[in-house]
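Student: Please build the complete structure, drawing on both the sequences and the hints.
Residue numbers (the numbering used here), protein chains in the order written: chain A, 1 to 503; chain B, 504 to 747.
Some hints could be false.
[Claimed, not checked] Between beta-carbon pairs, the in silico distance windows are:
hint, chain 1, residue 1, chain 2, residue 2, range
1, A, Ser-148, B, Ile-660, 16 to 26 Å
2, A, Pro-265, B, Ile-660, 38 to 48 Å
3, B, Leu-584, A, Lys-381, 46 to 56 Å
4, B, Phe-646, A, Asn-19, 23 to 33 Å
5, B, Phe-681, A, Lys-381, 17 to 27 Å
6, B, Thr-569, A, Gly-488, 45 to 55 Å
7, B, Ala-653, A, Ser-148, 17 to 27 Å
8, A, Pro-265, B, Ala-653, 50 to 60 Å
9, A, Tyr-15, B, Ile-650, 52 to 62 Å
10, A, Arg-336, B, Ala-653, 51 to 61 Å
11, B, Phe-549, A, Gly-488, 46 to 56 Å
12, A, Lys-381, B, Leu-561, 39 to 49 Å
13, B, Pro-725, A, Asp-141, 30 to 40 Å
14, A, Leu-16, B, Ile-573, 50 to 60 Å
What the hints contain is simulated information worked out from the structure, not anything from laboratory work.
For every residue, glycine included, the Cβ atom is placed at its ideal position computed from N, Cα and C.
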Amino acid sequence: MAEPALEARGLSFRYLEQNRKNVLEDVCIRFPAGKITILMGSSGCGKSTLAALLAGLYPENGGIVTGGERRLFGRLMEDYTIPQRAQAVSMMFQNADLQFCMETLRQELTFCLENISCPPEEMAARATRAAAELGMEDLLDRPFTTLSGGEKQKAALCCIFLLGAKAILLDEPFANIDPFWAARIAQMLKALNRQYGTAIIVIDHMLDHWLDAFDEIQILLGDGQVCSGITRENLGDYQSLFQAEGLRWPYGATPAHTPGAGEKPPAIILEGLTLSAGKGRHQKEGHPLLLQGAKALFRKGEMTALMGPSGCGKTTLFRALLGQQAYGGSIRIGGRECKKIPQKELFREIGIVFQNPSNQFITQNVLQEAACGLQGRMVKKEALAGTELEKQAIALLEEFNLHRFRKYSPYMLSQGQQRRLAVLSILAGKQGILLLDEPTYGQDDAMTREIMGLLRRKVEEEGLTVLFSTHDARLAAEWADTCYVFSGKELCREDHGIHQPGV
Amino acid sequence: MKTMESINPVFKMGAVLLSAVILTFNHAVILNLLVFAAGMVLILFFSRAEKRRLLKFLLPIGLIITALFITGYKNAEQTLLASFATGTHGLGGLASMSPVYTGLQLSTRVLAYVGLGLLFSLTTPAEDMVLSMMHQLRVKPKFAYGILAAFHLVPNIARELEDAKFAYKVRGISCGPFALQPFFAAMVNCIRWSENLAMAMESKGFDGDGKRTYARILSVRPADIIILIAVPLLVLLGTLFLKY
Numbered sequence: 001m002a003e004p005a006l007e008a009r010g011l012s013f014r015y016l017e018q019n020r021k022n023v024l025e026d027v028c029i030r031f032p033a034g035k036i037t038i039l040m041g042s043s044g045c046g047k048s049t050l051a052a053l054l055a056g057l058y059p060e061n062g063g064i065v066t067g068g069e070r071r072l073f074g075r076l077m078e079d080y081t082i083p084q085r086a087q088a089v090s091m092m093f094q095n096a097d098l099q100f101c102m103e104t105l106r107q108e109l110t111f112c113l114e115n116i117s118c119p120p121e122e123m124a125a126r127a128t129r130a131a132a133e134l135g136m137e138d139l140l141d142r143p144f145t146t147l148s149g150g151e152k153q154k155a156a157l158c159c160i161f162l163l164g165a166k167a168i169l170l171d172e173p174f175a176n177i178d179p180f181w182a183a184r185i186a187q188m189l190k191a192l193n194r195q196y197g198t199a200i201i202v203i204d205h206m207l208d209h210w211l212d213a214f215d216e217i218q219i220l221l222g223d224g225q226v227c228s229g230i231t232r233e234n235l236g237d238y239q240s241l242f243q244a245e246g247l248r249w250p251y252g253a254t255p256a257h258t259p260g261a262g263e264k265p266p267a268i269i270l271e272g273l274t275l276s277a278g279k280g281r282h283q284k285e286g287h288p289l290l291l292q293g294a295k296a297l298f299r300k301g302e303m304t305a306l307m308g309p310s311g312c313g314k315t316t317l318f319r320a321l322l323g324q325q326a327y328g329g330s331i332r333i334g335g336r337e338c339k340k341i342p343q344k345e346l347f348r349e350i351g352i353v354f355q356n357p358s359n360q361f362i363t364q365n366v367l368q369e370a371a372c373g374l375q376g377r378m379v380k381k382e383a384l385a386g387t388e389l390e391k392q393a394i395a396l397l398e399e400f401n402l403h404r405f406r407k408y409s410p411y412m413l414s415q416g417q418q419r420r421l422a423v424l425s426i427l428a429g430k431q432g433i434l435l436l437d438e439p440t441y442g443q444d445d446a447m448t449r450e451i452m453g454l455l456r457r458k459v460e461e462e463g464l465t466v467l468f469s470t471h472d473a474r475l476a477a478e479w480a481d482t483c484y485v486f487s488g489k490e491l492c493r494e495d496h497g498i499h500q501p502g503v
Numbered sequence: 504m505k506t507m508e509s510i511n512p513v514f515k516m517g518a519v520l521l522s523a524v525i526l527t528f529n530h531a532v533i534l535n536l537l538v539f540a541a542g543m544v545l546i547l548f549f550s551r552a553e554k555r556r557l558l559k560f561l562l563p564i565g566l567i568i569t570a571l572f573i574t575g576y577k578n579a580e581q582t583l584l585a586s587f588a589t590g591t592h593g594l595g596g597l598a599s600m601s602p603v604y605t606g607l608q609l610s611t612r613v614l615a616y617v618g619l620g621l622l623f624s625l626t627t628p629a630e631d632m633v634l635s636m637m638h639q640l641r642v643k644p645k646f647a648y649g650i651l652a653a654f655h656l657v658p659n660i661a662r663e664l665e666d667a668k669f670a671y672k673v674r675g676i677s678c679g680p681f682a683l684q685p686f687f688a689a690m691v692n693c694i695r696w697s698e699n700l701a702m703a704m705e706s707k708g709f710d711g712d713g714k715r716t717y718a719r720i721l722s723v724r725p726a727d728i729i730i731l732i733a734v735p736l737l738v739l740l741g742t743l744f745l746k747y
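Tutor: If you want it as C-alpha cells, here you go:
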C-alpha cells in the first residue's frame with residue numbers, strides 16, 4: 001500500500017491536563033496521498049481537533065498529546081520544521097476572515113513565500129503565477145476587507161497552492177459561503193487533485209459538493225473508532241450508519257414539509273420595499289441596492305425560509321424588520337408600519353438569533369441567561385436563588401436539554417449548545433415573531449433537526465412566526481411552509497421550484 | 504518628490520518621540536503652534552495621506568483642545584484671584600499668570616502632540632512599520648507580524664462590538680455607550696480569533712523564531728539619520744529661545 005499522506009497511530013489528545021477524558025482516544029487513521037478523502041462524524045466527535053493535530057497545529061498551539069504518533073508522508077510530524085511542514089500539508093479554515101495577516105492577497109502571498117525562505121527576486125513572479133493559475137489576478141491588490149466570504153476562501157486556497165502543499169486539510173471550508181462559491185472552490189480543489197496529485201482531506205457535513213469526485217469517506221465514531229473504506233461504489237451500504245451517527249444522507253428527496261390547510265393571517269407584509277447595503281438607520285448615498293420594490297407576505301404561525309447568495313440582503317432585511325435599517329416602501333408588522341412602531345415595542349414583538357450565537361449572550365452564566373430572557377431585563381445571580389424565576393428558568397433549560405450546564409459560562413458550551421441557548425433565551429421573551437440568521441451554520445444534521453424540530457413545535461403549538469435565512473435548499477424544503485428567494489433585487493416566492501415574483 | 508512615507512519608519516518614530524519628550528519641558532505657545540503647523544503642512548502637502556482621514560481625526564480633537572483651553576483658563580483665573588485676595592501675587596509673573604495664556608499653554612501643548620502623532624500615524628503604512636521594526640530594531644518576526652495581524656483585525660473587533668451592543672438592545676436591556684458588558688462578549692471572541700489567526704499563519708509556514716527571507720528590506724539612508732537628529736534639535740532650540 002502506498003505511503004499515506006497523513007497518518008495517526010494510536011493518537012490520544014486532551015485540551016487540558018485536568019480534563020477527565022481525552023477528546024481523542026487511541027485514534028488510528030490514514031489518509032492516502034493523491035486522493036480526495038472526506039472525514040465525517042457527529043458534532044463534537046473531535047474531527048476538527050484531529051485535523052489540527054494532523055496539520056501540526058496542535059499540540060503546539062494548545063492541548064496535550066497523551067499517546068501515539070502522527071506521521072506526515074512517512075516522517076514523524078516532529079521532524080519537520082514549520083516551513084517544511086507547510087510545504088507538505090496546509091490547512092484551510094472555516095472562518096475566512098481569520099486567515100490573513102496582511103492587507104491584500106499579493107502581500108499575503110509574499111508573506112507565504114518569505115516564510116518558506118524563497119529568494120526575494122523570485123517572489124513577485126511566483127505570486128503572480130500562482131494567482132494567474134487559479135484565475136485570481138483581479139483579486140491581488142484588493143484589500144481583504146472588500147472581498148466576499150467566497151473570494152476570501154479562494155484567496156486562502158491560492159496561498160496553499162503557492163506553498164506547494166502536497167496535502168490540503170479543509171475544516172468545513174464552505175460553512176460560511178453560499179452554494180455558488182462552494183461549488184467553484186470544490187471544482188478548484190478537484191482540479192488541484194487531478195493535475196498535481198494533491199491529497200485533499202475535507203471535513204464536511206454535507207457530501208453534495210464531493211459526490212462526483214471523492215475517493216473515500218472515513219467516519220470518526222466515538223471511542224476512537226474509525227469507519228473507513230466507504231467509496232462511491234459501496235456508499236449505499238452505509239445509509240444506516242449515516243443515520244445512526246446523525247449525518248446527512250446525500251441521496252433521496254427530503255420529505256418536504258406540507259403546509260397545513262387553510263390560509264393563515266399575515267404577520268409581516270412587505271410592499272414596494274427598497275433596501276440598500278450598509279448598516280444604519282438612515283439611507284446613505286452610494287450603497288448598492290439590495291431590494292427594489294420587493295413584495296412578500298410572511299404568515300403568522302408559519303416558518304418562512306429566506307434564501308439567496310451571500311451579501312444579497314438577508315441579514316439587512318432582518319435589521320430592517322427590527323427597525324435598525326433605513327428602507328423605502330412599506331413593512332407592515334401586525335398591520336402597523338414598522339417605522340412607526342416604537343423600538344421597545346418592536347423588540348417585544350420580534351426576537352432574533354444571530355448567525356454567531358456567542359455574539360448575543362448578555363450574561364456569564366447559563367441559568368442567568370435563561371432568567372434574563374424570561375424577565376426581559378438583567379437579573380443578578382444572587383437575586384435569583386430560590387425564586388419562582390429560577391424555577392421557571394430551570395424548567396426552560398430542562399426543556400432544551402441544557403439543564404446540566406446551568407452553572408457554565410455560555411461561552412464554554414459547544415456551538416450547537418450555544419445555539420440552543422440563544423434560541424431558548426429569545427423564545428423565553430415570548431415574542432410572536434422570531435428571526436433566525438443561518439440557524440444551521442456549523443451544525444451537523446442531528447443538531448439541525450433538533451433545533452428546527454423544536455421551532456416547528458413552537459410554531460404549531462403556540463402560533464410562533466419564524467423567519468430563517470439559509471443557503472441550504474434542502475433545509476428550506478424540509479422545514480419551511482413558504483420559501484422566498486432573493487433574486488434580481490426582488491423577493492420571489494418559490495413553490496415547487498417555480499419562482500413567482502412577490503406575493 | 505520624496506514624501507513623508509519614504510522616511511524610514513523607525514527613524515521617523517524616533518524623531519517624533521524625541522521631539523515629544525522635549526516638548527514636555529516647553530512653555531512657549533508659539534513653538535507648540537509651530538510644531539502643529541509643521542505637522543499639518545507635511546501631511547497635507549508632502550504625503551500621500553488621505554486628507555479626509557485627517558479631518559476625521561481633527562474634528563473631535565478640536566473639541567478636546569477647546570475644552571482643555573477652558574479648563575486651563577478657569578483654573579488660572581481662580582488661582583490669580585486667590586493670589587490677589589491673599590496678597591501673595593508678585594509683579595514678575597503677570598504675563599505667564601494670565602488666564603488666557605495658561606489656557607493656551609495647556610491646549611496648544613496637546614495640539615503639538617496631536618500634530619506629531621498624526622504626522623507619524625497618517626504617513627506610515629503598518630506594513631512598513633513592522634518591516635522596519637524587524638530590520639532596524641531587530642524585533643522578532645513573531646512579535647512584529649502579531650502586531651500587524653492584530654492591526655488588521657481592528658475592523659472585525661468594531662463590528663463584533665456593534666453586534667454585542669445590538670444583542671442587548673434587542674433583548675430590551677438598555678446599556679449606556681460606555682457599558683462594559685458588551686465589551687466582554689467582544690473580548691471573548693477576539694481571544695478566540697487570535698488563536699485561530701495564529702494557527703492560520705503557522706499553517707502557511709510562518710515560524711516566529713525561524714529563518715525567513717524578505718521581499719523588501721527597508722534600508723536606512725543618510726536623510727533618515729539627519730531627520731532623527733535635526734527635528735528634535737530644532738524643537739530643542741525652539742524650547743530654549745522662544746519665550747512666548
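Student: Each hint: holds or not?
Tutor: Hints versus structure:
1. Against the hinted window of 16 to 26 Å, the Cβ-Cβ separation of Ser-148 of chain A and Ile-660 of chain B comes to about 20 Å, which satisfies the hint.
2. Checked against the hint of 38 to 48 Å, the C-beta distance between Pro-265 of chain A and Ile-660 of chain B comes to roughly 43 Å, which is consistent with it.
3. Distance hint for Leu-584 of chain B and Lys-381 of chain A: a CB-CB separation of about 53 Å, consistent with the stated range 46 to 56 Å.
4. Between Phe-646 of chain B and Asn-19 of chain A, the C-beta spacing of about 31 Å keeps the proposed range 23 to 33 Å intact.
5. At about 23 Å, the beta-carbon gap between Phe-681 of chain B and Lys-381 of chain A stays in the expected band of 17 to 27 Å.
6. Range check, Thr-569 of chain B to Gly-488 of chain A: Cβ separation about 52 Å, and the 45 to 55 Å hint holds.
7. Take Ala-653 of chain B and Ser-148 of chain A: their Cβ atoms lie about 23 Å apart, and the range 17 to 27 Å holds.
8. Between Pro-265 of chain A and Ala-653 of chain B the beta carbons are some 52 Å apart, a value that agrees with the proposed interval 50 to 60 Å.
9. Restraint check, Tyr-15 of chain A to Ile-650 of chain B: a C-beta distance of roughly 28 Å breaks the suggested window 52 to 62 Å.
10. A C-beta distance of roughly 46 Å is found between Arg-336 of chain A and Ala-653 of chain B, which places it outside the suggested range of 51 to 61 Å.
11. Look at Phe-549 of chain B against Gly-488 of chain A: about 49 Å separates their beta carbons, and that is inside 46 to 56 Å.
12. About 46 Å separates the C-beta atoms of Lys-381 of chain A and Leu-561 of chain B, a value consistent with the hinted range of 39 to 49 Å.
13. Hint check: Pro-725 of chain B to Asp-141 of chain A, Cβ distance near 32 Å, so the stated range 30 to 40 Å holds.
14. Between Leu-16 of chain A and Ile-573 of chain B the C-beta distance comes to about 55 Å, which sits within the given range of 50 to 60 Å.
In this structure, the earlier hints numbered 9 and 10 are contradicted, and the remaining ones agree with it.
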